[in-house]
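Student: Residues per chain are reported as follows:
Protein chains: 4
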Amino acid sequence: MPRIAVVGAGYWGPNLVRNFQGHKDCTELWVCDQSKARLDQMRTRFPGLKYTESYDEVLKSNVDGVVLATPVSTHYELARRALERGKHVFVEKPLASSAEHAKDLVSRAEAAKRTLMVGHTFLYSPPVLKVKDLIAKGELGRIFFVTTMRVNLGLHQKDVSVIWDLAPHDFSILFYWLGERPSVITATGKAFVVSGIHDVAFISAEFPSGTIAHLEVSWLAPSKLRRTAIVGDKKMAVYDDTEAIEKVKIFDRGVDFKDPETFGEFQLSYRTGDIWSPKLAQSEPLALEAGDFLKAISDGTTPKSDGLMGLRVVEALAAAQKSLEQGGVPIKL
Amino acid sequence: MPRIAVVGAGYWGPNLVRNFQGHKDCTELWVCDQSKARLDQMRTRFPGLKYTESYDEVLKSNVDGVVLATPVSTHYELARRALERGKHVFVEKPLASSAEHAKDLVSRAEAAKRTLMVGHTFLYSPPVLKVKDLIAKGELGRIFFVTTMRVNLGLHQKDVSVIWDLAPHDFSILFYWLGERPSVITATGKAFVVSGIHDVAFISAEFPSGTIAHLEVSWLAPSKLRRTAIVGDKKMAVYDDTEAIEKVKIFDRGVDFKDPETFGEFQLSYRTGDIWSPKLAQSEPLALEAGDFLKAISDGTTPKSDGLMGLRVVEALAAAQKSLEQGGVPIKL
Amino acid sequence: MPRIAVVGAGYWGPNLVRNFQGHKDCTELWVCDQSKARLDQMRTRFPGLKYTESYDEVLKSNVDGVVLATPVSTHYELARRALERGKHVFVEKPLASSAEHAKDLVSRAEAAKRTLMVGHTFLYSPPVLKVKDLIAKGELGRIFFVTTMRVNLGLHQKDVSVIWDLAPHDFSILFYWLGERPSVITATGKAFVVSGIHDVAFISAEFPSGTIAHLEVSWLAPSKLRRTAIVGDKKMAVYDDTEAIEKVKIFDRGVDFKDPETFGEFQLSYRTGDIWSPKLAQSEPLALEAGDFLKAISDGTTPKSDGLMGLRVVEALAAAQKSLEQGGVPIKL
Amino acid sequence: MPRIAVVGAGYWGPNLVRNFQGHKDCTELWVCDQSKARLDQMRTRFPGLKYTESYDEVLKSNVDGVVLATPVSTHYELARRALERGKHVFVEKPLASSAEHAKDLVSRAEAAKRTLMVGHTFLYSPPVLKVKDLIAKGELGRIFFVTTMRVNLGLHQKDVSVIWDLAPHDFSILFYWLGERPSVITATGKAFVVSGIHDVAFISAEFPSGTIAHLEVSWLAPSKLRRTAIVGDKKMAVYDDTEAIEKVKIFDRGVDFKDPETFGEFQLSYRTGDIWSPKLAQSEPLALEAGDFLKAISDGTTPKSDGLMGLRVVEALAAAQKSLEQGGVPIKL
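Residue numbers (this note's numbering), protein chains in the order written: chain A, 1 to 333; chain B, 334 to 666; chain C, 667 to 999; chain D, 1000 to 1332.
It should be emphasised that the hints constitute simulated quantities derived from the structure, not laboratory data.
Each hint should be verified, as a subset may be incorrect.
[Stated by the list, open to error] SDA-like, lysine to any residue: derived pairs with alpha carbons at most 25 Å apart:
#	chain 1	residue 1	chain 2	residue 2
1	C	890	B	615
2	B	523	A	333
3	A	332	A	308
4	B	523	A	138
5	D	1223	A	277
6	C	900	C	804
7	D	1112	D	1080
8	C	945	B	485
[Said to hold, decoys possible] Sample of chain D residues facing chain B (criterion: CB under 10 Å; computed from the structure):
#	residue
9	1244
10	1245
11	1248
12	1251
13	1271
14	1272
15	1273
16	1274
17	1275
18	1276
19	1277
20	1278
[As the list claims (entries may be wrong)] Each pair of labels, with its calculated beta carbon distance range:
#	chain 1	residue 1	chain 2	residue 2	range
21	C	890	B	603	33 to 39 Å
22	B	376	D	1233	48 to 54 Å
23	C	821	D	1233	15 to 21 Å
24	B	474	D	1255	33 to 39 Å
25	A	295	D	1242	38 to 44 Å
26	A	272	D	1328	49 to 55 Å
27	D	1010	A	272	42 to 48 Å
28	A	73	D	1239	40 to 46 Å
29	B	376	C	821	34 to 40 Å
30	C	710	D	1182	55 to 61 Å
Keep in mind the model is a prediction, meaning the values are calculated, not measured.
Every residue, glycine too, gets a C-beta built ideally from N, C-alpha and C.
Work the whole structure out from these sequences, hints included.
Tutor: Below is the structure:
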């Protein structure tokens, strides 16, 4: 049964600590942060854990898995060192700040036969799982396209664009659902508030199967939107994370081709049918995610959100950012 | 007081007939269509108008203005001939099927000192007028960007893409609100149902002032969306045409820059305030549009939706279509 | 094939004329109104019908069915005279302004073997039919209760309370769904704007089966609500007529009783499952209603919204009004 | 600076502990519960507080204020004893299970010159405060009526009806807004799931000023509704607690009387104007409530939700329950 160290106790770290602490398979839990003040806060809230200001101490310990909730710019260095010490590594999304670094981590984990997992939490959320299930069972048919909006008046990041901040969610969901990686990415957008930091972006992606996707991400929007439409040739679905109850709706709608009775013109007809909102599981995504890491360490299984997923997401982010900076030129992957 | 002939009594023509017939300034109204059956239908519904199957007869008559509600491919030829006979011309949107034809019509109308008007009806709709007013008065501040969605499970056109079918609405609204034309247009999308006829498109536009815009148009979507967000540096607005009452909402939200007290870092703060949904006029856009054409004929005034607006929209459509067909390459205008 | 006369060409009459005119089984259609001006308007809109200012002429003619769209206060007199002349009679809702008059009309129609039908149009509307179907098939289980709201800033009637104006809709729907009449009715409310004319009312009804119902009707409300909840012991449904698409939703929710493992305490558990919005037919209720009257005349069948339904609605309205005027005292029927 | 003891650490108690603990004016905090297991749980979560299983110990201590979060049936006894020991008392809603007990507590607190406060938390919630402000400033005009719905598939109480469970919220809000107590109450409803425990109720209340109110409370409803409409003769408002952002909306709508130009008929006209959703404060109601109790103890001020408010709510609950049990007969207060 694994011993875990959560590194970084800032905004997101405490959520990871809470979930690993609560998991029956986690025998020992460390919290590591450079700030003594933060450690003290954590100690009050979670008495009974191990606390240290030294990452080296974590690496030298008998901890099995390291969970990195530190700034993106530190991911590569910290993860590499942990892999070198034979630790299994969980990195918060995105995996790294460049495709090269992400690729290097994937190779190192493979070589070291250690689990590399990335914190794409949405892959464990009930509505995302439900849509995956619908697609896998063929209920929606062949997927024509997916559009997604993730916008609201949100916190500007200081060092990365809205693409690196918000699009990791949508790319990971897309790649999970579609089971393929994009071949071309195009992005437009702009930096309105802070020079050089794009706060609005529109991203198009094309996949080898013919499916296309479109992402809108923004820190500047009048109201919060978290809406994804999935259009298949049989049915269509909407996943709206701002809805309290009906987060996933399946529309029995589509275009039918009728056999032309006479030679010549094709015949289209539109089908509109029932709308169905399935009940979703009540499970907490972070708890499932923590469990997936613990299981990977114990059994050697591949976690759903593995290093390869993390790498693909980083490649897509880098391509989108590049297209954006070149005025919307399509970038091949 | 003008005499008017509506040419084309198919899907849209009857709406124009109804509105010109009902207008106090329209002394005489003709209806022209090649199909005798359609004319008979119209005659039953609107007794007391003049009916003819011959466009020549219209051109030879003392009719002052010709209103073309015929297929796009016929616009150029029919409008050119009417201008040659000294008629004022109203053309349903889009003005023509190529920028060259649109430009030629604008030149001819200028040379002939005749009104050339295009049926961009949204320029006469109360919510669009209200947003124009908000922008003109500076209530929203400098406009950062506009995003718009016009999607649902809609009728496929046989000969034109979804861009030519739906984007005329959004481009005309945008150009009217912003008072400028785009410098670059990028579009991605795909033809899923009928080969060669794109049924989904994502269009980005950049304007000289720095404002950007993004349009999503689709005939394949699970539910009807008609939503436009206008983000300014002072306030933000949403225009949602599917709302029964609150079609326009103004959000007193934005990003404020605080004077840094110390040298160095900028300071951002987020402002969220009241939301306000102004009462809109109840006027029928088509009636205002018909009146604008009649007034232009009588007084020589320039209609709001003039030939130049029509030309700019056609240029934008052509650029978007070109980018789409070239895989998303940015097109300069 | 029946000859029909629509009497009263005010607010609602023209809708009836349009639907009878369009029906294939209506061979001849008369329009009768005391106002020559109104008849002239109708003549322009519907050329080819018979027009008269004299109700006597209608009664003397070979017209088979008379459709009364006149003020409620005239219903009894006009309907009685038509039945005396052997005409079939369709009366707009409510059937009469007192239970006595309604009862008398029902008796006379029975004695004369003529159809007496009442214009409770909602009994022909697709969402109401769908809910009836759900109840009839037992999908909702035993019906615990029904609550309904019909409110907005609406036109005050000059001579009748909001109960007589709006509650006929809800009572007719309720009686159709439940297949029974109430045993007790209680109502509270008040006249705020015009003395003596109640503009807000809250009505409770109890049925012999144990089902209860509650109606809120108001001319004074900030926004339009047309919402009915039907709670059964198996499932629950919501019928919301202000929704464009999902007018009916079925919630797989309820309370389950578990067999107590030990003697003693009952065990309740709550079930929340899928939500399902069935596709509804697109038929126009008024066309179905007109067809039902024409069929009743031709075949002698009983229309769905027959005189008995009309009588029960009037009895309920009278009881509610009485309770209201007595400060909410329960009235037995 | 007051010393406080929270008594009862079940469902609600921990929320009170959290808020008193976090308040700067609370010098010492005790937690008292009969269950050692519960105390142990609390001790882990809130280290550093005083814990006891004995209410007597609390009463004998130098604690200034006792906060009762115990079952309703125990309120009277525990509160009475605390007042006898000279403690200030805060009682969770409802104050007592009978009007007699509630009245007795009010008298005792007055005699002992001690604060008696009741936990009607909604009186401290930002949307309720905003509506109070609108009414107080006359923005809505004279209040015609208030309707409120508080329904969903909720937990059945074992010993009290839905009226005693849910209506305390609505009655306290109403009395706070209107500043008066009802003169007559009527209620209908039924016990569907557990015999004798009403799970659905419809309550009408009449106030001396002429305002009326209507409450719908239910544990059996397909979806959660928390909607209150406030209709004044100038404007109308809706308070919807299920809305994330626009919890309060003001509708500039109403009925205007026009001066009749000729003698005779009154003239009504309908006014529909802007809709406005004011920004609400972000304060946590429970923190304000805790502060109000602490301030009352320190300064001798009367808390907003005082014993008299608690008494009036209990009187209304008792009257509604009585009417319900008598089949809807109006009960005078």
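Student: It remains to establish, for every hint, whether it holds in the given structure.
Tutor: Going through the hints against the structure:
1. C:890 <-> B:615: holds (18 Å)
2. B:523 <-> A:333: holds (19 Å)
3. A:332 <-> A:308: holds (19 Å)
4. B:523 <-> A:138: Holds, at roughly 22 Å.
5. D:1223 <-> A:277: holds (16 Å)
6. C:900 <-> C:804: Given that 25 Å is the threshold and the Cα spacing comes to 9 Å, the pair holds.
7. D:1112 <-> D:1080: holds (15 Å)
8. C:945 <-> B:485: Cα-Cα ~17 Å, so holds.
9. 1244: holds (7 Å)
10. 1245: holds (6 Å)
11. 1248: holds (8 Å)
12. 1251: holds (7 Å)
13. 1271: Given a least distance of 6 Å, the restraint on residue 1271 of chain D holds.
14. 1272: Cβ of residue 1272 of chain D sits 5 Å from chain B, so the hint holds.
15. 1273: Given a least distance of 5 Å, the restraint on residue 1273 of chain D holds.
16. 1274: Interface hint status for residue 1274 of chain D: holds (4 Å vs cutoff 10 Å).
17. 1275: holds (5 Å)
18. 1276: holds (4 Å)
19. 1277: holds (5 Å)
20. 1278: Interface hint status for residue 1278 of chain D: holds (5 Å vs cutoff 10 Å).
21. C:890 <-> B:603: 33 to 39 Å: This hint holds: roughly 34 Å between Cβ atoms.
22. B:376 <-> D:1233: 48 to 54 Å: holds (52 Å)
23. C:821 <-> D:1233: 15 to 21 Å: holds (20 Å)
24. B:474 <-> D:1255: 33 to 39 Å: holds (36 Å)
25. A:295 <-> D:1242: 38 to 44 Å: holds (40 Å)
26. A:272 <-> D:1328: 49 to 55 Å: The hint (49 to 55 Å, Cβ to Cβ) holds, given that residue 272 of chain A and residue 1328 of chain D are roughly 50 Å apart.
27. D:1010 <-> A:272: 42 to 48 Å: Holds, since residue 1010 of chain D and residue 272 of chain A (Cβ atoms, about 46 Å apart) stay within the stated range.
28. A:73 <-> D:1239: 40 to 46 Å: holds (44 Å)
29. B:376 <-> C:821: 34 to 40 Å: This hint holds: roughly 37 Å between Cβ atoms.
30. C:710 <-> D:1182: 55 to 61 Å: For residue 1182 of chain D against residue 710 of chain C, whose Cβ atoms are near 57 Å apart, the range 55 to 61 Å holds.
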